[in-house]
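Start from the sequences, fold in the hints, and give me the full structure.
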Amino acid sequence: MVIRKNISRFVLSVVIILCWQCKEQENEDIRLMSFQGSNIGRFTEIRTSFSALDSLGYVNLLTHNGDWLSTNEFLFSVHRDLGDTLHIQESDSVMSINGNIIAISISKNGPSNTFFNQLTAEDIAQLRTIQFKISIGDTIKPYLKRIGRLNPAVDMVFFPEVDSVNLLNRDLRWLSQYFKPRALFFQNETDSVSLSSLTHFPSLETLFISLPVKGTVAFPQLPHLKEIMLYNEEDRISVDADFFNQMPDLTSLTIINESDANFDWSSLNTLKKLQSLYIESDSIILKDVYVHHPHLSALHLGFNEVEGASISDIFKKNKLKRLSVYSMDDSLKGLYSEVLPDAFPELESLEFKNNDSLLDYSHLKHLKKLKYLTVFGKAGNDTTLYKLNQLRYLSLSEEFLKDSINRIKLQKALPNTVIAPNSGACMGSGWLLFIVPVAFFWFYFFKSKKHRNHDCEI
Amino acid sequence: MIVKSNEILFKPLALTGSLWLFSLFVNFDFPLKTVALVALILAGFWMSSIHKDTLGSICAPALWRFKKSRKWILMAFVFSLALAVYSRIEDGLPPIPSTIGAFVIVAILIGFVEEVVFRGFVQGAAQQWNPTGAVVLASVSHAGYKALLFVFPLQQLNNSALELFGYTFLAGLILGYSRQVTGSLWPAVIAHCFFDFWLYMEQSSAPWWVW
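Going down the list, the protein sequences come from chains P and B. Convert by adding 1 to the 1-based position in the first sequence; the result is the number in our numbering. Convert by adding 13 to the 1-based position in the second sequence; the result is the number in our numbering.
FYI, nobody ran anything at the bench for these hints, they're computed from the structure. Mixed in with the good hints, there may be bad ones.
List of simulated lysine-lysine pairs, BS3-like, C-alpha gap at most 25 Å [unchecked claim]:
1) P/Lys227 / P/Lys322
2) B/Lys65 / P/Lys450
3) P/Lys320 / P/Lys227
4) P/Lys448 / B/Lys65
5) P/Lys354 / P/Lys320
6) P/Lys369 / B/Lys46
7) P/Lys320 / P/Lys288
8) P/Lys450 / B/Lys24
9) B/Lys65 / P/Lys366
10) B/Lys24 / P/Lys451
11) P/Lys273 / P/Lys227
12) P/Lys317 / P/Lys369
13) P/Lys181 / P/Lys142
14) P/Lys379 / P/Lys322
15) P/Lys369 / P/Lys322
16) P/Lys322 / B/Lys46
17) P/Lys134 / P/Lys146
18) B/Lys65 / P/Lys451
19) P/Lys370 / P/Lys354
20) P/Lys320 / P/Lys274
21) P/Lys227 / P/Lys142
22) B/Lys65 / P/Lys388
23) B/Lys24 / P/Lys370
24) P/Lys448 / B/Lys24
25) P/Lys388 / P/Lys354
Cβ pair distances, simulated, as ranges [said to hold, decoys possible]:
26) P/Asp93 / B/Gly114: 43 to 53 Å
27) B/Asp66 / P/Asn390: 39 to 49 Å
28) B/Met88 / P/Asp250: 53 to 63 Å
29) P/Ala154 / B/Gly114: 37 to 47 Å
30) B/Asn143 / P/Pro438: 23 to 33 Å
Some chain P residues well away from chain B (every beta-carbon gap over 10 Å; in silico) [as the list claims (entries may be wrong)]:
31) Ser39
32) Lys317
33) Ser325
34) Glu347
35) Gly431
Every residue, glycine too, gets a C-beta built ideally from N, C-alpha and C.
Written out as structure tokens, the structure reads:
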């Protein structure tokens with residue numbers, strides 16, 4: 002009775018741990034995913050790509066829930082329900098992942114009315130993205146209404162082929178009647194009318210849009226907006242200190258500053274809930290970044306020229322889990338591998354490109370939580386890489402890994418490092434194999450003890 | 014009666030506890046990993062103790078008879094092949110693997126040892142208490158071991174630990190039942206090993222949680 006009571010308590014506490022773990026898993030950040038069937042890359046990092054190592058054609062990509070990925074034709078977001086291994090099939094107008102229709106692209110080439118007629122309610126419920134490469138025609142509106150009825154939260158992407166702002170604004174007004182999208186991506190030109198029509202999408206959580214030209218109307222208040230990606234192609238953009246005042250709840254900000262916009266970087270200081278900051282710009286001035294953004298866990302900095310950067314404060318001790326630094330030419334001043342263990346004790350993922358100062362990996366050994374390392378460009382001192390046996394994932398340049406000797410040396414030195422698909426967990430720990438010799442040892446220990454006792458009695 | 018069943022259950026429960034402790038800590042780095050290895054040594058102790066005291070323990074010839082369990086062995090092949098193909102398709106892999114990687118031997122060995130431990134020792138030791146209860150106990154033991162591997166550190170997997178617990182428990186019931194009905198471990202061993210073989214055939218190196 003006592004044992005049964007204790008068993009029940011023990012099992013109950015294990016179930017509680019597992020339930021707690023399920024809840025925690027929703028917040029887990031970094032994912033290692035494998036893709037087959039299409040070129041794949043992160044949407045914001047068009048200059049980098051990943052390729053398959055083996056003949057099966059699986060590409061391993063480090064990503065996280067909420068990340069946006071792009072294939073040859075499509076854009077989609079990573080969410081918890083997506084498996085770790087994705088088999089992608091795409092045509093001009095439809096993309097399927099693991100046999101489920103995930104995205105459709107409305108263009109001159111399709112999809113056909115037959116396709117829409119054959120879409121079941123289940124297909125529509127699984128749909129994640131609708132892309133618009135043409136303005137919405139009358140023939141397609143009934144089908145879109147049906148999709149809106151069954152799955153109003155689908156993400157929407159507008160391509161530059163929709164080259165009339167008036168038509169875009171007309172389409173947005175129509176769509177707002179039937180859809181409550183979670184994300185809107187505008188890869189085409191927008192104007193003040195487009196911005197003000199965003200108020201008709203109060204459910205919006207993610208927005209990708211060009212920076213508004215100076216003098217246009219400010220961003221409307223969007224109560225659920227958590228992530229915004231801003232890009233500019235115009236020199237006359239100017240971002241002043243009040244720019245983000247209407248978005249105090251942002252948790253993720255991306256700024257892609259292709260041209261030399263006049264950016265008041267202190268405007269970011271109002272974003273106290275920021276967890277992820279991604280900046281590609283020539284002039285970046287970040288002062289007391291961890292003071293202004295106490296919840297920051299992911300930072301990406303990309304430069305064309307490093308002279309315009311003033312970011313010495315990022316090397317103060319912090320709680321970042323993900324850091325990526327891309328330079329076109331020179332290394333970032335102050336970024337040395339010796340600095341990393343003290344400044345970034347919580348770091349789990351490190352990515353860098355063209356930072357020669359980091360190519361000696363011996364100090365990375367002291368980053369106790371580092372599991373994921375991605376190095377673009379030169380691989381550096383690979384003998385120091387062999388000591389990083391805490392890594393779970395390592396990505397090096399294709400040029401380096403094409404050499405099979407390099408690959409074999411790495412696989413031998415880092416046997417626990419995954420460059421293989423992470424396909425389910427139907428198998429347990431390999432350490433359990435040692436239970437066999439251990440059990441034999443105890444068996445012979447008992448046996449010899451028995452014989453000794455028997456001899457003593459005699 | 015109750016005292017006797019407590020005595021009978023003590024060793025399989027102690028073995029279960031040791032294995033759960035092992036799986037909870039094995040994914041940590043040293044020195045915390047030492048806890049897992051100590052738990053593993055304890056588990057070996059309990060296995061040896063069960064072998065010493067229990068009738069029909071793991072070395073009994075009846076447990077490894079082939080002839081009378083042929084039907085179940087065939088069913089094990091079919092069932093594990095179907096499940097492995099389904100798992101591969103769910104994971105986005107082709108249903109039929111195209112190459113054999115070096116890791117597959119380790120995968121088969123792991124499956125074999127798990128069946129010996131859970132269906133062989135845990136279930137075998139609890140059979141004197143209650144044959145059906147022993148099947149359930151072995152399934153819970155195995156499912157808990159599998160799920161606890163992924164509690165610390167938290168890792169993003171296709172399945173949550175609770176789902177893993179559920180799938181492993183259900184599979185454990187079927188495998189345990191096969192041992193109860195046939196008296197042989199072969200159906201369970203073949204089902205588990207063949208499943209791991211088919212699912213992980215192409216892997217050239219171990220997934221991170223193995224080591």
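A quick look at each hint next to the structure:
1. As the CA atoms of P/Lys227 and P/Lys322 are separated by approximately 19 Å, the hinted pair is consistent with the 25 Å bound.
2. The suggested pairing of B/Lys65 with P/Lys450 holds, with an alpha-carbon distance near 13 Å, which does not exceed 25 Å.
3. A distance of roughly 21 Å separates the Cα atoms of P/Lys320 and P/Lys227; the hinted pair therefore holds under the 25 Å criterion.
4. As the CA atoms of P/Lys448 and B/Lys65 are separated by approximately 9 Å, the hinted pair is consistent with the 25 Å bound.
5. Distance check on the hinted pair: P/Lys354 and P/Lys320 sit about 22 Å apart at the alpha-carbon level, within 25 Å; holds.
6. The hinted pair formed by P/Lys369 and B/Lys46 meets the criterion: a straight-line CA distance of about 14 Å does not exceed 25 Å.
7. Distance hint between P/Lys320 and P/Lys288 is fulfilled; the C-alpha atoms sit about 16 Å from each other, no more than 25 Å.
8. Distance check on the hinted pair: P/Lys450 and B/Lys24 sit about 20 Å apart at the alpha-carbon level, within 25 Å; holds.
9. Restraint check for B/Lys65 and P/Lys366: the C-alpha separation of about 46 Å exceeds 25 Å, so the hint is violated.
10. At roughly 20 Å between alpha-carbon atoms, B/Lys24 and P/Lys451 fall within 25 Å of each other, so this suggested pair holds.
11. About 12 Å separates the Cα atoms of P/Lys273 and P/Lys227, which keeps this hinted pair within 25 Å; it holds.
12. For a cut-off of 25 Å, the pair hint linking P/Lys317 to P/Lys369 stands: about 18 Å separates their Cα positions.
13. The suggested pairing of P/Lys181 with P/Lys142 holds, with an alpha-carbon distance near 16 Å, which does not exceed 25 Å.
14. Between P/Lys379 and P/Lys322 the alpha-carbon distance is near 24 Å, which keeps this suggested pair within the 25 Å criterion.
15. Taking the CA atoms of P/Lys369 and P/Lys322, the gap is near 12 Å; set against the 25 Å cutoff, the hint holds.
16. Of the pairs offered as hints, the one joining P/Lys322 and B/Lys46 holds, with about 23 Å between alpha carbons and a cut-off of 25 Å not exceeded.
17. For the given pair, P/Lys134 sits about 18 Å from P/Lys146 by alpha-carbon distance, which is consistent with the 25 Å threshold.
18. Using a Cα cut-off of 25 Å, the hinted pair B/Lys65 and P/Lys451 holds, with the two alpha carbons roughly 11 Å apart.
19. Restraint check for P/Lys370 and P/Lys354: satisfied, since their Cα atoms lie roughly 21 Å apart, inside the 25 Å limit.
20. A threshold of 25 Å between alpha carbons decides the hint, and for P/Lys320 with P/Lys274 the separation of about 14 Å falls inside it, so the pair holds.
21. With a CA separation close to 30 Å, the supplied pair P/Lys227 and P/Lys142 exceeds the 25 Å bound.
22. A distance of roughly 44 Å separates the Cα atoms of B/Lys65 and P/Lys388; the hinted pair therefore is violated under the 25 Å criterion.
23. A hinted pair counts as satisfied when its Cα atoms are at most 25 Å apart, and B/Lys24 with P/Lys370 does not qualify at roughly 38 Å.
24. Using a Cα cut-off of 25 Å, the hinted pair P/Lys448 and B/Lys24 holds, with the two alpha carbons roughly 19 Å apart.
25. A distance of roughly 21 Å separates the Cα atoms of P/Lys388 and P/Lys354; the hinted pair therefore holds under the 25 Å criterion.
26. Roughly 36 Å separates the CB atoms of P/Asp93 and B/Gly114, a value that falls outside the hinted 43 to 53 Å.
27. Between B/Asp66 and P/Asn390 the CB atoms are about 41 Å apart, so this pair conforms to the stated range of 39 to 49 Å.
28. Checked against the hint of 53 to 63 Å, the pair B/Met88 and P/Asp250 passes, with Cβ atoms roughly 57 Å apart.
29. In this structure the hint that P/Ala154 and B/Gly114 lie 37 to 47 Å apart at CB holds, the actual value being about 41 Å.
30. Hint check: B/Asn143 to P/Pro438, Cβ distance near 32 Å, so the stated range 23 to 33 Å holds.
31. Residue placement check: P/Ser39 keeps its beta carbon more than 10 Å from all beta carbons of chain B (closest about 12 Å).
32. Annotated as non-interface, P/Lys317 keeps its C-beta farther than 10 Å from every C-beta of chain B; the closest such distance is 26 Å.
33. The claim that P/Ser325 is not at the interface with chain B holds, since no C-beta of that chain comes within 10 Å of its own (minimum 19 Å).
34. Remark: the non-interface label on P/Glu347 is consistent with the geometry, its nearest Cβ contact in chain B lying 13 Å away (cut-off 10 Å).
35. For P/Gly431, the non-interface assignment is contradicted: its Cβ lies about 4 Å from the closest Cβ of chain B, within the 10 Å cut-off.
Violated hints, in rising order: 9, 21, 22, 23, 26, 35; the structure is consistent with all others.
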